[in-house]
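K.L.:
What follows is the residue order along each chain.
There are 2 protein chains.
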Amino acid sequence: MRTPFFRRALGLAAVLLTTAPLAATAQTTTTDSLAIRKIYDEALAHGQSYENLRYLTGQIGGRLSGSPQAEQAVQWGRVTMEKMGLDRVYLQEVMVPHWERGAKEKAQVKGSKGKGLTLNVCALGGSVGTNGKLKAQVIEVQSLQELAALPADKVKGKFVFFNRPMNPLHVETGRAYGEAGDQRRSGAAEAAKRGAVGALVRSLSLAHDDFPHTGMMRYDENGTKVPAAALSTNGADELSQLLKADSDLTVELEMSCRQLPETKSYNVIGEIKGSKYPAEIISIGGHLDSWDLGQGAHDDGTGCTQSMEVLRLLKATGLRPERTVRAVLFMNEENGVRGGNKYAEQAKVLGEKHLAAMESDGGGFTPRGFNIEADPATVRKIQTWQPLLRPYGSAEFQPGHSGTDIEPLKSQVKALIGFDCDSQRYFDIHHTAADTFDKVNRRELELGGASMAALVYLISKYGL
Amino acid sequence: MRTPFFRRALGLAAVLLTTAPLAATAQTTTTDSLAIRKIYDEALAHGQSYENLRYLTGQIGGRLSGSPQAEQAVQWGRVTMEKMGLDRVYLQEVMVPHWERGAKEKAQVKGSKGKGLTLNVCALGGSVGTNGKLKAQVIEVQSLQELAALPADKVKGKFVFFNRPMNPLHVETGRAYGEAGDQRRSGAAEAAKRGAVGALVRSLSLAHDDFPHTGMMRYDENGTKVPAAALSTNGADELSQLLKADSDLTVELEMSCRQLPETKSYNVIGEIKGSKYPAEIISIGGHLDSWDLGQGAHDDGTGCTQSMEVLRLLKATGLRPERTVRAVLFMNEENGVRGGNKYAEQAKVLGEKHLAAMESDGGGFTPRGFNIEADPATVRKIQTWQPLLRPYGSAEFQPGHSGTDIEPLKSQVKALIGFDCDSQRYFDIHHTAADTFDKVNRRELELGGASMAALVYLISKYGL
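Listed in order, the protein sequences are those of chains A and B.
For the first sequence, UniProt numbering gives the first residue as 1, with consecutive numbering after it.
For the second sequence, UniProt numbering gives the first residue as 1, with consecutive numbering after it.
Please keep in mind that the hints were generated in silico from the structure rather than gathered at the bench.
Glycine included, C-beta positions come from ideal geometry on N, C-alpha and C.
Among the hints, a few may not be true.
Computed footprint of chain A on chain B, listed as stretches where at least three residues anywhere in the stretch have a Cβ under 8 angstroms from a Cβ of chain A [unchecked claim]: (1) 421-433; (2) 443-456.
Now the in silico label distances, taken between C-beta atoms and shown as ranges [to be verified]: (3) L169(B) <-> Y277(A): 43 to 51 angstroms; (4) R380(A) <-> Q346(B): 51 to 59 angstroms; (5) P278(B) <-> G116(A): 57 to 65 angstroms; (6) E51(B) <-> G223(A): 38 to 46 angstroms; (7) D182(B) <-> R54(A): 32 to 40 angstroms; (8) R54(A) <-> L169(B): 20 to 28 angstroms; (9) K264(B) <-> G116(A): 49 to 57 angstroms; (10) D210(A) <-> D87(B): 37 to 45 angstroms.
With a straight-line Cα cutoff of 20 angstroms, these simulated SDA-like cross-link-like pairs (lysine to any residue) come out [stated by the list, open to error]: (11) K276(A) <-> L319(A); (12) K110(B) <-> D237(B); (13) K276(B) <-> K110(B); (14) K439(A) <-> D210(B); (15) K38(A) <-> P168(B); (16) K439(A) <-> D438(B); (17) K113(A) <-> L319(A); (18) K439(A) <-> K110(B); (19) K439(A) <-> D237(B); (20) K439(B) <-> A433(A); (21) K38(A) <-> L169(B); (22) K439(B) <-> K113(A); (23) K439(B) <-> N441(A).
Given these sequences and hints, build the entire structure.
P.N.:
Set out below in structure tokens:
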């Protein structure tokens, strides 16, 4: 059993009880408290994010740029926003890379004494295929630095196995992801420079399981292109153990992934015109593309449905924004950021005035607050609104990274804002076959859309 | 993809950057920051809560008071703490109620025109059985008040169907649980007073699914005892729909649950003696018993393993507490609170000096902070430590309910403290067959134990 809380956690009462600086409470008004309460009530009683996500993940599924599913997702986004009766819904054309995993993806460990083991692997996004079977010995390293320090003959003709785990000591899992990411992004390119035939990379995950995690990797412009595969964390631990006992073992890798010609695709944009300052634009978005292994539920179907939900919440509550609010479903965040770049480029071409841009791309988990990229004065102004979000547990406003799709807008906006939610479970499923609808909790998802709508409402009312 | 955060979220730096009142930062010291960092590092790198919970839920499972599993859990708790090399591990005898669900538990809707439907039901804890099949018409109400207002002939000989949902508008789900709980606790007793033959109660859940949620109900001392069953939320919605079309339909209920003689059981207690003030005691606990339907994972295996982990973390980090710290695995929280009452009673008998008591009984989800029951000055003193927990996202310290097992200690302690974690998913699985180990995330669980240990460390150092 669990008995009820008696936290004075709702309404203005709570706002006045908070431990926030006085500067903040001075800013808060009953009108704003009530408006935000209306937004949360609508989201918790009638939120649509969850059912929209059920369709996107279940009926369309994984949707890598250039795939038929990505195109279905574009049409789904357009039609869904058109049904919402917005002031404007349109597509923004953008050319995207088209990489395909192909049917073959497997790896076998062959011990020098005949012992064998199948590894759970997947190609990293952008990798070349193996062109049949590629068999070689393996050299394990913990970092790009360790690789650089090795004599060439230790690496030549082998697979370089990058096995540095994510650092479990960071409470914020995104930090650990960032620190371990260089192996995945540049491992193959650096390995090729030293004469290696391929790269095997430990999956970027804090979980111990059998899911390989894909993700983007890059080759040097004129460097040799060697195949790059991710191993599940369990698989990486097993391979490392086997190597200790048998350094002569070989791995046989077969992957049929390939790069195809670029394809035409679209950002999907819906907007509500501002009632007072229609020329001032606040953008909120997530990315519509996803990796191909799972359903792209937390990455980033949740960010897309929450962004659309912000517009629906403003309409349903009758809180017409004084400034224009746009939901942008960006294409190609995962392997090119072409959609984000195109959106910023067009904003410049059209001479649009962008006030702020917000992105949700950390999953649809319980909201914690927002990470803000802006000048100190603007950060402080946004922080004066913390008390209004505190009753909803979404009041952690701090300087921090916003989002990959909105960063290209940096020079054109007052503030870039990243929606910040609980990060503990995200990297367990990130870029895997396990990123599916059943991992999303309805209330956690709808609370996220509500907190985004609340901050968008305040910016649209007070400006920046 | 998700790019790394650059939140200055760790270490003293963050403490100094927080928006907390100055009073607080004045209190914080580098030594305390470093000690707390050590606790979190140990928990995140080597935490044992998760593997302990795997055993308790997987090898023992559901463990209702009086059951063989409850006794196995007592022995498991004793042995596990003995292996930790504590200063003292002992059992505290307590007599507990022994209720058994029995093999039969089913309900059939029979339409007056022959239409039928099977309902997902379970007996509420403490209910009498149906003694064969019990068939009657159904009258739906939303509240005890609505029932009281009905003319007797509308109720006599029928099942009273309490169908008020939990209020989805509360962000803190515990509030919604508290508000809807009267139907489950007193529904049958009130229905019997009006001549009803039984009570059917909508499950206390914010999810829409087929799991019936059990939980404690009570009869009046000298009142008639009629059977009480919970319907899944989907089942309750279906029955309500059917009643609109066919008010003469009947429900046939069969339940073989029964009350057995009281049984001897135990609270399991382990302690580390305080280095300076051994006579001053800080208790931390969860409840060892659980309902029988699932594995008692989030309710409350997590609270038990976290409480044991607090002792392990203090030992492993070498942060010997200046005051005595006790982990208490309380028996019988679910249907009697005999263990909690016995612990408080013995504390008085033995003339023990209890400084503070903390309980974790809201699941093993990501920590948010603590709910404190104490005089305003003590609450303020505890709140001066908020900045030390802020880097770990566990800094919401507010007045609020602590825990059912520690409340009997209220008159004997300076502060009762409830560990507060994310509440969104808890009631989806609470008291159901779905409260299983796979619903627990390793990092979320270990972070909880670390935040509990951090606050216990501060209380043991500074007192209250």
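K.L.:
Indicate, hint by hint, whether the structure satisfies it.
P.N.:
Here is how each hint holds up against the structure:
1. Counting residues of the region 421-433 of chain B whose CB falls under 8 angstroms from any CB of chain A gives 7; the rule of at least 3 is met.
2. With 3 residues having a Cβ less than 8 angstroms from any Cβ of chain A, the region 443-456 of chain B passes the three-residue criterion, so the hint holds.
3. Restraint check, L169(B) to Y277(A): a C-beta distance of roughly 32 angstroms breaks the suggested window 43 to 51 angstroms.
4. Checked against the given bound of 51 to 59 angstroms, the beta carbons of R380(A) and Q346(B), roughly 54 angstroms apart, stay inside it.
5. Range check, P278(B) to G116(A): about 59 angstroms between beta-carbon atoms, so the 57 to 65 angstroms window is met.
6. Between E51(B) and G223(A) the C-beta distance comes to about 44 angstroms, which sits within the given range of 38 to 46 angstroms.
7. Roughly 34 angstroms separates the CB atoms of D182(B) and R54(A), a value that falls within the hinted 32 to 40 angstroms.
8. The supplied range of 20 to 28 angstroms is met by R54(A) and L169(B), whose beta-carbon atoms lie about 22 angstroms from each other.
9. One distance hint, 49 to 57 angstroms for the beta-carbon pair K264(B) and G116(A), holds here, with the actual separation near 56 angstroms.
10. The given range of 37 to 45 angstroms is respected by D210(A) and D87(B), whose C-beta atoms sit roughly 42 angstroms from each other.
11. At most 20 angstroms may separate the alpha-carbon atoms for a hinted pair to count; K276(A) and L319(A) meet this at roughly 13 angstroms.
12. This hinted pair checks out: K110(B) and D237(B) have alpha carbons roughly 16 angstroms apart, not beyond 20 angstroms.
13. A hinted pair counts as satisfied when its Cα atoms are at most 20 angstroms apart, and K276(B) with K110(B) does not qualify at roughly 69 angstroms.
14. With a C-alpha separation of about 18 angstroms, the suggested pair K439(A) and D210(B) falls inside the 20 angstroms cut-off, and the hint holds.
15. Distance hint between K38(A) and P168(B) is fulfilled; the C-alpha atoms sit about 13 angstroms from each other, no more than 20 angstroms.
16. This hinted pair checks out: K439(A) and D438(B) have alpha carbons roughly 12 angstroms apart, not beyond 20 angstroms.
17. At roughly 71 angstroms between alpha-carbon atoms, K113(A) and L319(A) are farther apart than 20 angstroms, so this suggested pair is violated.
18. As the CA atoms of K439(A) and K110(B) are separated by approximately 37 angstroms, the hinted pair breaks the 20 angstroms bound.
19. In summary, the hint linking K439(A) to D237(B) is not supported, as the alpha carbons are separated by about 25 angstroms, beyond the 20 angstroms threshold.
20. Proposed proximity of K439(B) and A433(A) is supported: the alpha carbons are some 18 angstroms apart, at most 20 angstroms.
21. Using a Cα cut-off of 20 angstroms, the hinted pair K38(A) and L169(B) holds, with the two alpha carbons roughly 10 angstroms apart.
22. Taking the CA atoms of K439(B) and K113(A), the gap is near 42 angstroms; set against the 20 angstroms cutoff, the hint is violated.
23. For the hint linking K439(B) to N441(A), the alpha-carbon distance of about 12 angstroms falls within 20 angstroms, and the restraint holds.
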